[in-house]
Amino acid sequence: MSDAEFVHAYDVAGADFTNAGRASTGIKETLKHMGLPSPLIRRVAIAAYEAEMNMVMYARRGAMTLRVTPADVVIVARDEGPGIPDIGLAMREGYSTATPEMRELGFGAGMGLPNIKRNTDDLAISSEVGRGTTLVMTVHVS
Amino acid sequence: MSDIRGAGVREQAGGQSLAAVRAAVNGVALWCPDDAPEVTGVVAADLMSDVLVDARPGHVLVTGLVNVQVIRTAAIADLAAVVFARGKAVPADVVDLARQMKVPVFASDESLFEAAGRLYALFGPGPAEPGARRQV
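Chains as they are written, first to last, in the numbering used here: chain A, 1 to 142; chain B, 1 to 136.
Treat the hints loosely; a few may be bogus.
To be verified - Here are a few chain B residues that face chain A, going by a calculated C-beta distance under 10 Å: (1) VAL28; (2) LEU30; (3) ASP34; (4) ALA36; (5) ASN67; (6) THR73; (7) ALA75; (8) VAL90; (9) LEU112.
To be verified - Taking CB as the label site, the calculated pair distances span: (10) A/ARG131 <-> B/ALA121: 49 to 55 Å; (11) A/VAL7 <-> B/GLY117: 46 to 52 Å; (12) B/PHE113 <-> A/ASP86: 33 to 39 Å; (13) A/PHE6 <-> B/ASP93: 29 to 35 Å; (14) A/GLU5 <-> B/PRO37: 44 to 50 Å; (15) A/GLY14 <-> B/GLY117: 39 to 45 Å; (16) B/GLN100 <-> A/ARG103: 22 to 28 Å; (17) B/SER111 <-> A/GLU80: 25 to 31 Å; (18) A/ALA9 <-> B/PRO33: 31 to 37 Å.
Source of the hints: derived by calculation from the structure; they are not laboratory data. Even glycine gets a Cβ: it sits at the ideal position worked out from N, Cα and C.
For reference, chain A alone in the conformation it holds in the complex (with noise of 0.2 Å):
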């Protein structure tokens, strides 16, 4: 790990409605101070918060992992949970297994996905039926 790595986790608790959005929150904080580009920090935050509703709507619990590099923002979003059977069709903009709870809230309308894509340069998914799922996303700094 070189000198100008910064690295830092944050939990998240599934079905933890009250705190959900906390972990992302604390990612934008971290970004601001350390003097990133807006525009640049409303992508991570955005992606990372649709990951963090995510985990804390179907998964039992979760980590988002910040990592910090002159090039890149990458954030892990680990989670326990259902998994994903069918990642292309998740991938789908308005594909959503939301209950009416979490519609409620404003969320599950299958946006989630396609939306951190779109916010991200890289996003890799990899997903165990039954174990969970992982996301790591990428925005590239230049």
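Take the given structure of chain A and dock chain B to it, following the hints.
Using the frame of chain A, we list chain B on its own:
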């Protein structure tokens, strides 16, 4: 707009003050600092998923949804303020979080349609290109 799923979005180059937005919707300030920034446009939606796709920095969000996720969404997306329409009671925890996250919040008795319409009159038509607002 051709995409009926999308949140309604309007914006103009010059921007408006939060005072003008509040007056347009007959709003009551639940929390608003004196040095609030200018509003660059409007997004009207109840689905925060849509707000995260359609809103731009500096937009004011008009919504009929009242919960803490509205505030968190506004803060994450760099929105200028939130107008809670339809005369819904806004719980103290929502206002407390707005203050903590520095998101100005207003309550309006107008319907979502009426509030959005008045802001449309204030801001004028936005970009008409279908899908343009979806670009990051």
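For A/GLU5 and B/PRO37, compare the CB-CB distance with the range 44 to 50 Å and indicate the outcome.
Check failed, 33 Å falls outside 44 to 50 Å.
Holds or violated: the 33 to 39 Å window for the beta-carbon distance between B/PHE113 and A/ASP86? 38 Å, holds
- How about B/VAL90: closest beta carbon in chain A under 10 Å, or not? 15 Å, violated
Practice problem: Identify whether the interface hint at B/ALA36 stands, where standing means a beta carbon of chain A within less than 10 Å of its own. | Solution: Because about 17 Å separates B/ALA36 from the closest Cβ in chain A, which is outside the 10 Å limit, the hint is violated.
| Does B/ALA75 pass the interface hint, meaning its C-beta sits closer than 10 Å to a C-beta of chain A? | Holds, because the Cβ-Cβ distance from B/ALA75 to chain A comes to roughly 7 Å (cut-off 10 Å).
In this structure, is the beta-carbon distance linking B/GLN100 and A/ARG103 contained in 22 to 28 Å? Taking Cβ atoms as reference, B/GLN100 and A/ARG103 lie about 26 Å apart, which means the hint holds.
Next on the checklist: Would the hint on B/ASP34 be counted as holding, given a Cβ-Cβ threshold of 10 Å to chain A?
Outcome noted: 22 Å, violated
- Cβ-Cβ distance between A/ALA9 and B/PRO33: within 31 to 37 Å? Holds - the Cβ-Cβ distance for A/ALA9 and B/PRO33, about 33 Å, lies within 31 to 37 Å.
_Agreement of hint B/LEU112 with chain A interface, Cβ distance less than 10 Å_ = Given a least distance of 14 Å, the restraint on B/LEU112 is violated.
A/GLY14 versus B/GLY117 beta-carbon gap, inside 39 to 45 Å or not
40 Å Cβ-Cβ, so the 39 to 45 Å window holds.
| Per-residue hint verdict: B/ASN67, partner chain A, C-beta under 10 Å | With a closest approach of 6 Å, the B/ASN67 hint holds.
Is 25 to 31 Å a correct range for the gap between the Cβ atoms of B/SER111 and A/GLU80? The hint (25 to 31 Å, Cβ to Cβ) is violated, given that B/SER111 and A/GLU80 are roughly 43 Å apart.
In this structure, the earlier hints numbered 1, 2, 3, 4, 8, 9, 14 and 17 are contradicted, and the remaining ones agree with it.
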